[in-house]
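Asks: One-letter residues, chain by chain:
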Amino acid sequence: MTPINPDQLIVQLTQWALSFLDSYPLVAVLVAILLSTVPLVAVFPICFAITTWLERKGLARIQNRIGPNRTGFLGMLQPIADGIKMLLKEDIVPKTSDRLAHFLAPVVLMVPAFTILSVLPFNRNMIPAAVDTGVILFFALGSVSTLAVFMAGWSSRNKYSLLGGMRAIAQMVSYELPLVLSGVTVIMMTGSLDTTKIVAQQQLSEWIQSSNAGLQCLGQIIGWNVFTPWGFAGFLIFFVASLAEINRCPFDLPEADSEIVAGHLTEYSGFKYALFFMSEYVSAFAINGLSTTLFLGGWSGPNIRPPWSDDPNALLIPGFVWFFAKMFALMLVMIWIRGTLPRLRVDHLMGFAWKFLLPLAIMNIFVGGFYYYAPRWHGIPVVGWPIGFLVMYLSYECIGRLNRGPKTAQRVYHYAS
Amino acid sequence: MNTETIAPREYQIYSGDDLRTNVLEISMGPQHPSTHGVFRMDVSLDGETVVKLKPVFGYLHRNHEKIAETTSYLGSMPYTDRLDYFCSMTNNWAYALAVEKMAGLAVPERAEYIRVIMAELTRLQNHASLVGFLTNDLGASGTPLLYAIREREHILDLFEWASGARMMCNYMRFGGVRNDLPSGWLAQCKKVVDDFPAFMDEFETLLTGNEIILSRCQNVGVLPRDLAINASITGPCLRASGVDYDIRKVDKYGVYDRFDFKVPLGSVGDCYDRFMIRLLEMRESVKILKQALATIPEGPVNDSKARNFRPKPAEAYGRIEGPKGELGFYLVSDGTPKPHRYHVRPPSFINLTVLEDMCLGQKIADAVIILGSIDIVLGEVDR
Chain A
52 MTPINPDQLI VQLTQWALSF LDSYPLVAVL VAILLSTVPL VAVFPICFAI TTWLERKGLA
112 RIQNRIGPNR TGFLGMLQPI ADGIKMLLKE DIVPKTSDRL AHFLAPVVLM VPAFTILSVL
172 PFNRNMIPAA VDTGVILFFA LGSVSTLAVF MAGWSSRNKY SLLGGMRAIA QMVSYELPLV
232 LSGVTVIMMT GSLDTTKIVA QQQLSEWIQS SNAGLQCLGQ IIGWNVFTPW GFAGFLIFFV
292 ASLAEINRCP FDLPEADSEI VAGHLTEYSG FKYALFFMSE YVSAFAINGL STTLFLGGWS
352 GPNIRPPWSD DPNALLIPGF VWFFAKMFAL MLVMIWIRGT LPRLRVDHLM GFAWKFLLPL
412 AIMNIFVGGF YYYAPRWHGI PVVGWPIGFL VMYLSYECIG RLNRGPKTAQ RVYHYAS
Chain B
106 MNTETIAPRE YQIYSGDDLR TNVLEISMGP QHPSTHGVFR MDVSLDGETV VKLKPVFGYL
166 HRNHEKIAET TSYLGSMPYT DRLDYFCSMT NNWAYALAVE KMAGLAVPER AEYIRVIMAE
226 LTRLQNHASL VGFLTNDLGA SGTPLLYAIR EREHILDLFE WASGARMMCN YMRFGGVRND
286 LPSGWLAQCK KVVDDFPAFM DEFETLLTGN EIILSRCQNV GVLPRDLAIN ASITGPCLRA
346 SGVDYDIRKV DKYGVYDRFD FKVPLGSVGD CYDRFMIRLL EMRESVKILK QALATIPEGP
406 VNDSKARNFR PKPAEAYGRI EGPKGELGFY LVSDGTPKPH RYHVRPPSFI NLTVLEDMCL
466 GQKIADAVII LGSIDIVLGE VDR
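Protein sequences, first through last, are from chains A and B. Just so you know, we're using the working numbering here: the first sequence kicks off at 52 and counts up by one. Just so you know, we're using the working numbering here: the second sequence kicks off at 106 and counts up by one.
Worth flagging that the hints you see were computed from the coordinates, not collected in a lab. Heads up, a few of these hints could be off.
[What the hints assert, rightly or not] Using 16 Å as the maximum straight-line C-alpha spacing, the simulated EDC-like pairs for lysine to aspartate or glutamate come out as follows:
id, chain 1, residue 1, chain 2, residue 2
1, A, Lys210, B, Asp147
2, B, Lys443, B, Asp151
3, B, Lys159, B, Glu205
4, B, Lys367, B, Asp356
5, A, Lys210, B, Asp151
6, B, Lys395, B, Asp362
7, B, Lys392, B, Asp306
8, A, Lys210, B, Glu130
9, B, Lys296, B, Asp262
Chain B on its own, in the form it takes in the complex (with noise of 0.2 Å):
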């Protein structure tokens, strides 16, 4: 019997001389119905079973990086709303606590109250839509991602009440935020907020016990702690293969040390760890929007003299616990009005780089949800 060897991993296909087979290369993607945007993957396939996996990236791409540094500061602001389209809030929130860092630039409490609520707001949305696509992935016909979507346009209400847009918010300002929640904002947050967890036990009680779900999710998809930590993964997808990093806790940015928050923690680092985590997170999140709304202070909420200001030479990498993971802008002033280097650290990027470990001796089927359960969005990948 005659096996021949595939990079890049041993993997051996049978070729004897009375039977001759081959791979089945697949590009799947850029047009694809669940690459989740213009993403592609050269998949070769043995059968069903994926022997190689090639994640291509870049059709996307629109220079957001050299677009920064050619404008002002606050030039960049609205185009980050635009890298991972979702979560325009958090991606707002590290920009604004990247030039803040370097400019030295204080934050008034009423201020950081607002962005917590935004941000925790931001991953109950996406979390719960996170879940909704999984679930499209798996073959579901739409029906728990329109539950999902129902619950995430309450939440995109408050945000248009608040910015004046559903997901290009442009709502964070350096020192604080750009303007006051209008009256009735909170009572309603508070309403939303308290509906959630209603929603949650329908999730979980429809989804959670589901028998195809179990089968599909679990140990499907493996992503071993010391891979998860070595390829620098972050966000829920390194937690539910148990590894205890949460910036939120690490960093204590903001005013996150005030709330009383717990950290979910999977144990096999599989799909259904990584769609457990989701569920679990958006329970803290809302406890965490409990505690906000509860005692968030009056006062003012920017910092007039942080507009057209000019830094000096000095650099700084600002991150937050964004929904995807370390969401984080690296940023170099050489003393202009415009930065000198602008980086941007992109959870789903990172996130992306293990999807072939994950992948290999799996089902094609496989491959689209441990897709599904990395979280990615092509804008923030590709940039």
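Chain A on its own, in the form it takes in the complex (with noise of 0.2 Å):
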């Protein structure tokens, strides 16, 4: 029997319960794809009911109020009552709509939401679907949500819904570029499109390997991508679109309320709306998921070993645990931007992704080249850092400037005499 290892301990017991099915190896594969796959399908509902009551605290901390209280201690059974009141709502659909269409439209959205989770690594052998090409998988079927929300915007026969789901197109296809290239950078980096492969290039740079524990504690934070200035940049803008893509605020124009109702949501109700609103939330798990992965070293936290073991791979906090740390902390920002910003207007948002972060984006693959083939002292990057901070700096300055033009000041205002 190994030691135990707190950050393999599912691994280890998952393997143990396989180890019962040798003698059956296609029952075994079998229960293998569902161990990997149900406790997917049963975490991130379990995330989005707490990202919902934390959304629901946390902007009613931002607007002067309290929040729900009225469910359980500080609100929290606040999910399960609106569950349960979805659920026993009149599913309602207009008379007029392409009915399959209307029906189809929440299960296509869900579908790959959920599936493009299976590519994300959360923890070292830890991977529901250990691709090849994930990153690639992860985007392909991310776009689809595109065609689930227009499908949506079709069928219910709504002039706002229409508007909604033509608005998404728009928005989804503009942002998919940004979005990709700047994950462009890191796979360019690391060399591979496994995921897996990429959050064991951010671990432990080689010149820290070398020294001591306390500085060995802190290279797991080193090596990650955002860190370098391809990486900051890449982060940043990835961030932003990934914001697009999944529809948060500020970029939420295809369910613009004050504009446009909800649009594609205008004539969901009951389950289908739940399920609507869930993927939602899914997606956004997943793409925060694929930054983490990306730019924030993925499942990598501060080296920690348990004081009972002299495994040198032995980890004391398990590595999913900081990866769901770092997936709530982007949700956490994600909600803070919703109390904070108004929405873009629809030519706006267009000139923004394509004159901005577009143009950021191409220039930090660049960056990316240069800082990869840059000397190095010691396997430090002394000359790519400071010179890719520098010019993706520059770049970003030049290209906001260009941008920003004269059409926008504050004005000073005069009073009569």
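Assembling the complex is the task here: the two chains are given apart, and the hints tell you how they should meet.
Replies: Quick look at the structure:
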């Protein structure tokens, strides 16, 4: 029996359970599949429930309110109450709607939202589907949500819904580009589309590996892509583009309540609406999970060894704790942004993607290439880091200035004499 | 390439043989989150661009003017609260002013001061919540609005303390106000007024420099100076277009000539100017309130003879600078206890007439904030 390693506890348990089925290989495969997919379907709806509660409480705090406080301690049972309400509500389908598309839209949205979770490495050896082309699969499946949103918008036979669907297509197609291109830099640096390899590449940079234990503990963090100039810029571009990709404020145009009521969601009620709502949050988790994987070191965190173990690979705090902590931190930033910013207009949104994010993302690819080939001193990127940072900062300033133009400015007001 | 022109403006839509396009007609309202009540806009859209917009209202018509002609003069005082339900104090004042003008009633000094204080408090809470609602129309998820509502609550507490009601105050009477201020009211009011600039600072820091607000409000919904004058726009919308016209300065009704305050003017007349003029007017209102609270005299607050009066046959038009614009009441008396003709000049309604001119060529999202920046209350539009 191998010594207990909290980091790998779940993996060890899985292997132990599967060892009973050694003589039935077919059943073992089936069970292995279930063991890696069922937790996804179980854990993320719970995360979704926690996030709705967090969002309502967080927004309330930002807005001088208390938020839900009637259901359970601090209103923690509110998601359950909401779920019951949604289940009990009448499912209203407009008479003139395209019934099949109207019914399929939430399903088409939900299936890829859960599927893309399977390429995220939650911990070392803990990836539901170890695909060599994980990142490509993620983006390819992730963009199916556009289809679902347009299906919903089209089939509802409602003009607000149609406008919302059109907006969704325009927005998602535009923001997919900076999203993918900022990810491309990471793929380029790693040389692999495999998400596990991308995380492994961000661990423990070689120049720290040889130094003392304290630095080694830090080393897990210093290696993250976000601490390189291309990684930092890429992370910001990725985060902003992912806000647009999942229709979060300030890019929530497809469901802009003050303009087109609820966009593609206008004609949905009851549990179909709940499915839409959940899929949106699960996609948000997925995209934050990918951004954690690509830029924030995935499941790596400070190396803390359990006192009882001599195994150099044993960790006291399991990797998935760090993964979920980072993912939730990004969710909280999204909630914070929602409480702070107003919404962009449709043409500003397009301009922002095509004229600002896209050139910056392309610039970032060049900076990444330079960083890769720049000379290093004992493995430390002494040339690549400062020059890369400078180039990225200058291009940010230049592209920003070119975009700003003379149109908007703070004004001076005069008083009548 | 074929193009067809659709009414009312020359806006051309491409409709070649290969591609058949058409305008999308949307009926926004009467149930819509950002029409500020039961108001409808019949919008024709080319993609997202507004090519035609027809405001439709009357869903909240309650026969206010006719009912007022069947009751006594005092009887319609509480009914004026329901016109612009955000600003019942100023509605009361405009009506009282018209009756006083017709019947030749004098108002005691202290009552004039109380009216000024109430009217400026009304302006503060109206403008604060308007800016909040405007940011909601812009898509902020309620944060600025709730900050504004927090301040409004303090002012509504003051109204409740003085008049017994938070929104439907029914506080002014012909020849004064209904009752004197309770003891301690002025001190509390002073505290609220002194605290208000801190809220203003916070509000302005958070909003006026915001890149999204700048890009969405500036040069959107421009109301040219000439059109504003010709369409008889009043209030902050007019001043945002750069016209120096404030009835507090022009008529000097009440005791406004005793206070030192300035009239902020915009230069472009877009949504951002209308938004900023409101913020600047709030600062001026605070100035007036501070002066009024420092110099309010003692004395009676109403004229006991003014109850159940019967005016001589006459006509009068009383107007004040309400928070939304010129609020006027036109009264004709035939010598009976009931008015022969009772007419309201509602600022919201008249300011709404230029909605289409401001919205044409803009995006649908802009139409919503242009409507928000006009500041309408449907209780007043439909009467």
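Asks: Hint by hint, say whether it matches the structure.
Replies: How the hints compare with the structure:
With a C-alpha separation of about 13 Å, the suggested pairing of lysine 210 (chain A) with aspartate 147 (chain B) holds against the 16 Å cut-off. Between the alpha carbons of lysine 443 (chain B) and aspartate 151 (chain B) the distance comes to roughly 52 Å, so the proposed pair goes past 16 Å and is violated. Under the criterion of a C-alpha separation no larger than 16 Å, the hint pairing lysine 159 (chain B) with glutamate 205 (chain B) is inconsistent with the structure, at around 38 Å. Taking the CA atoms of lysine 367 (chain B) and aspartate 356 (chain B), the gap is near 15 Å; set against the 16 Å cutoff, the hint holds.
Of the supplied pair hints, the one linking lysine 210 (chain A) and aspartate 151 (chain B) holds, its CA atoms being roughly 13 Å apart against a limit of 16 Å. The hinted pair formed by lysine 395 (chain B) and aspartate 362 (chain B) meets the criterion: a straight-line CA distance of about 15 Å does not exceed 16 Å. For the suggested pair lysine 392 (chain B) and aspartate 306 (chain B), the alpha carbons sit about 15 Å apart, so the restraint of at most 16 Å is met. Proposed proximity of lysine 210 (chain A) and glutamate 130 (chain B) is supported: the alpha carbons are some 8 Å apart, at most 16 Å.
Restraint check for lysine 296 (chain B) and aspartate 262 (chain B): the C-alpha separation of about 13 Å stays at or below 16 Å, so the hint holds.
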